[in-house]
Amino acid sequence: MILRLAFGSLLARAVTVAMTILAIALSVALFLGVEKVRTGAKASFADTISGTDLIVGARSGSVQLLLYSVFRIGNATNNLTWESYQDIAARPEVDWIVPISLGDSHRQFRVMGTTTAFFERYKYRTGQSLAVERGVIMEDLFDAVIGADVAATLGYDVGDPIVVAHGLASFIEHDDQPFRVSGILQKTGTPVDRTVVVSLEAIEAIHVDWRSGARIPGQSTPAETIRQMTLEPQAVTAALVGVKSRLQVFNLQRAINEYPQEPLLAILPGVALQELWQIVGIAETALIAVSGMVIVTALIGMMATIFSSLSERRREMAIFRAMGARPRVILSLLVLEAAMMAAIGALIGLALLYVSLLFAQPLVDAAFGLWLPIEAPTLRELWVLIGVVAAGAIVSLVPAIRAYRMSLADGMMVRI
Amino acid sequence: MPEQTSILDLKDVGYRWPGRASFGLTIPQFTLAPAETVLLLGESGSGKSTLLSLICGTITADAGRVRVAGTDIAALSAGKRDRFRAEHIGLIFQQFNLLPFARVIDNILLPLRFAPQRRARVPAPQEDAQNLCADLGLPTKLINAKAGTLSVGQQQRVAAARALIGAPPLIVADEPTSSLDAATQATFLHLLFTQARAHGTTLLMVSHDARLAEHFDRVVQMSDITQPHLAAA
Numbered sequence: 001m002i003l004r005l006a007f008g009s010l011l012a013r014a015v016t017v018a019m020t021i022l023a024i025a026l027s028v029a030l031f032l033g034v035e036k037v038r039t040g041a042k043a044s045f046a047d048t049i050s051g052t053d054l055i056v057g058a059r060s061g062s063v064q065l066l067l068y069s070v071f072r073i074g075n076a077t078n079n080l081t082w083e084s085y086q087d088i089a090a091r092p093e094v095d096w097i098v099p100i101s102l103g104d105s106h107r108q109f110r111v112m113g114t115t116t117a118f119f120e121r122y123k124y125r126t127g128q129s130l131a132v133e134r135g136v137i138m139e140d141l142f143d144a145v146i147g148a149d150v151a152a153t154l155g156y157d158v159g160d161p162i163v164v165a166h167g168l169a170s171f172i173e174h175d176d177q178p179f180r181v182s183g184i185l186q187k188t189g190t191p192v193d194r195t196v197v198v199s200l201e202a203i204e205a206i207h208v209d210w211r212s213g214a215r216i217p218g219q220s221t222p223a224e225t226i227r228q229m230t231l232e233p234q235a236v237t238a239a240l241v242g243v244k245s246r247l248q249v250f251n252l253q254r255a256i257n258e259y260p261q262e263p264l265l266a267i268l269p270g271v272a273l274q275e276l277w278q279i280v281g282i283a284e285t286a287l288i289a290v291s292g293m294v295i296v297t298a299l300i301g302m303m304a305t306i307f308s309s310l311s312e313r314r315r316e317m318a319i320f321r322a323m324g325a326r327p328r329v330i331l332s333l334l335v336l337e338a339a340m341m342a343a344i345g346a347l348i349g350l351a352l353l354y355v356s357l358l359f360a361q362p363l364v365d366a367a368f369g370l371w372l373p374i375e376a377p378t379l380r381e382l383w384v385l386i387g388v389v390a391a392g393a394i395v396s397l398v399p400a401i402r403a404y405r406m407s408l409a410d411g412m413m414v415r416i
Numbered sequence: 001m002p003e004q005t006s007i008l009d010l011k012d013v014g015y016r017w018p019g020r021a022s023f024g025l026t027i028p029q030f031t032l033a034p035a036e037t038v039l040l041l042g043e044s045g046s047g048k049s050t051l052l053s054l055i056c057g058t059i060t061a062d063a064g065r066v067r068v069a070g071t072d073i074a075a076l077s078a079g080k081r082d083r084f085r086a087e088h089i090g091l092i093f094q095q096f097n098l099l100p101f102a103r104v105i106d107n108i109l110l111p112l113r114f115a116p117q118r119r120a121r122v123p124a125p126q127e128d129a130q131n132l133c134a135d136l137g138l139p140t141k142l143i144n145a146k147a148g149t150l151s152v153g154q155q156q157r158v159a160a161a162r163a164l165i166g167a168p169p170l171i172v173a174d175e176p177t178s179s180l181d182a183a184t185q186a187t188f189l190h191l192l193f194t195q196a197r198a199h200g201t202t203l204l205m206v207s208h209d210a211r212l213a214e215h216f217d218r219v220v221q222m223s224d225i226t227q228p229h230l231a232a233a
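Just so you know, the protein sequences line up as chains A and B, in that order.
FYI, this note's numbering numbers position 220 of the first sequence as 220, with every residue one higher than the one before it.
FYI, this note's numbering numbers position 130 of the second sequence as 130, with every residue one higher than the one before it.
None of these hints come from the bench; they were simulated from the model.
One thing to keep in mind: the hints can contain errors.
Taking CB as the label site, the calculated pair distances span [claimed, not checked]: (1) R328/A <-> A198/B: 34 to 40 Å; (2) V15/A <-> W17/B: 48 to 54 Å; (3) M293/A <-> Q94/B: 47 to 53 Å; (4) R328/A <-> H215/B: 35 to 41 Å; (5) Q227/B <-> A12/A: 43 to 49 Å; (6) A120/B <-> I2/A: 14 to 20 Å; (7) D62/B <-> I288/A: 31 to 37 Å.
With the Cβ distance kept under 7 Å, some of the chain A side facing chain B (calculated, not the full set) [stated by the list, open to error]: (8) A12; (9) R326; (10) G411.
Cut-off 20 Å, straight-line C-alpha distance, at most; resulting in silico cross-link-like pairs (DMTMM-like, lysine to aspartate or glutamate) [as the list claims (entries may be wrong)]: (11) K187/A <-> E133/A; (12) K80/B <-> E312/A; (13) K11/B <-> D72/B; (14) K141/B <-> D128/B; (15) K146/B <-> E120/A; (16) K187/A <-> E120/A.
All residues carry an ideal CB built from backbone N, CA and C; glycine is no exception.
All chains should be built: construct the whole structure from the sequences, respecting the hints.
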C-alpha cells in the first residue's frame, strides 16, 4: 500500500517526475552506450588480425612490429631477408606463411606487397575473411587491390590507373610502372581499408631500375622485359605465420627469436594487441569518466527536484504523521520514491540503448567498421543499473533527512 | 478513580514552545469520559492546536501527565507514541485531510497501515470502508475515485470515515466543519455523531463556533481549562 501511495504521489507530479526520469534515462543510455562502444572498439581492435599465430619481422619491440606490420604505422627498422623467410617457411611447424613488403605509398595510403595467400589467411573479427566488393584479386603483375577507404577517399573504381610513389610522402614516383585497380575490398574496420595491396613481385618490378633508393639515370626497363624477369625479393618487411598445431606456437616463436643468422622477432598478435590497447585504452577511461559524470549530474538533478517538492508536500507528510506514520516512514517514503525514479529511469535508459543500437548498428559498422553487438545486458551493465538505483537512493537521503526533520517539527499541524 | 475509566485525562499539564518564552500553556485538569461528545470552544491563538498536539503525542508536555485510554503517553518513546496515535485516535482536520493523489479507499485505510491492533479489529477493510462511506452518505462509486477530485464536503466525510474505521476510542476533530457551508455542516455533524454514538466513540471537537454547542453532551471553554498567564509567569 505504501508502495502504491508513493507511486501515486509520483504520478501526481508527473511532469517534473517525468523530466527527472528522462534525465536519468538519457544519462544511463549514454553511459551504457559509451560502454558498448568501448567494448565494441576493444573487440574490433583485438580482432584487427585473427587466425595469424605469429608475426615475424626484424628484431625490434613487439608493439613496434605490430604497428608497422598490421596497422601500417611507423616504419620497419630493418628487413627480414628472403633467406630467413624461406628458412622459416621450411620449418615443419609452419602451416602457411604470408610475406608482407612495405615501404612505398600511394597518396596518403601505404602500399603493401604480398602474395594472394594474404586474402585467404588474413582474418578479422573472429575469423571473417576479406571479401572483394567490386572487381577481382590481382591477376596481373601490375594489378592492385585497394581497401574501401582508399577507394572512397580517392574516388577510384575498378580499372583506374594508379602510380605508386617511392617511400612515404615522397615526390619520386614510380611513374614508369603504373598499376591498374583490379579490385576494391569491402569495408572491414581494419587497417586493410587504408591499404593498396599489390603482389610481392610487383614491388620488385617497380624497383628494377632503382638502386639505393634512387632511380638509375637513363635506365628504363620496359614492362615487357620486366614480366620476363624472375622477380624474387631480397628481403620482405614482415611475415604472417600460421602453425599446424597451436601447441607449437611457442616452440616456433623461440626458434625464430633465437635464429642465429639474423636478429629476428616473432610475436603473438593477441598479446601485442593487448599491450597496444593498454596505451590506446587511456581514452576509454576518460570516456567512461565523462559519462559517469553525466549520471552523477542527473542524480543531483533528481535530488534538487525532491528538495523543491518538499515544501509543497508538507501537507502530505503531515497527513502521514497524523495517521500514525513515524518520521522514519516519511524518510523511507522519499528514499523509496527516489529509488523508484532511478529504477524507472535506468530501465528506460536500457530500452533507449537497445532501440538506438538497433538503428545505429548498421550505420556505425558502415561508417567506422565498428561492430556493436546487440546482446543481453552483461553482468557489468546490470551492476551499473543497480548502482544507479542505489546511488539515487543514497543521494535522496539528503532531502529525505530534511523532510524527516521537517515532519518532526511540524507534527501533524502545518501552518502554511 | 476517574482516570481509570476516562478516555482522556490531562493533569497539571505544562507546555512551552521551544524558543518562544512568552507563549505557553498550562492545563490543570481536563477529562473526557467514554462515549462523551465534547465541544472545546476557543478563539484562535488560545492554544487549541497545542492542546491537540499534546493529546496526539506529536509534542510532549514539559510537566504534568497526559493519559489517553489509560496510557501515559509521555512514558512512550516517540515511535511508540506514533503507533499509539494510530491505534487510539481518529483525526479530522479543518481541510486538506486527504492525500489527493490516492484513491478514497486508500485514504480511509491509511491509519490501519500504522496500527496493527486497529487493523485486526477490521476483518474486511474494503467492506467496512464501503459501509462507512454509505453511512456517511457518500456514493459507493466514489470509493475508487482520486480523493483530490471530490468536493470539500465529500472530502470531510472521507476524513470522517478514516477517523472512524477500526473504531478508535477517541476521535479528535479540529474545526472539521469550518470549510463547509451551513447546510453541509449540519448534515456532516449529524452523520458524524450518529457514527460516533454507534461505535461508542468519544468525540472531542475543537471550534470557535459556539453555534455548534447544541449537538454536544458538554461544552468546554478553552479559557476555563487553561491558565495561559501562569505559563507566562
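Which earlier hints turn out false for this structure, listed by number in ascending order? Hint check: 2, 7, 12, 15 fail, others pass.
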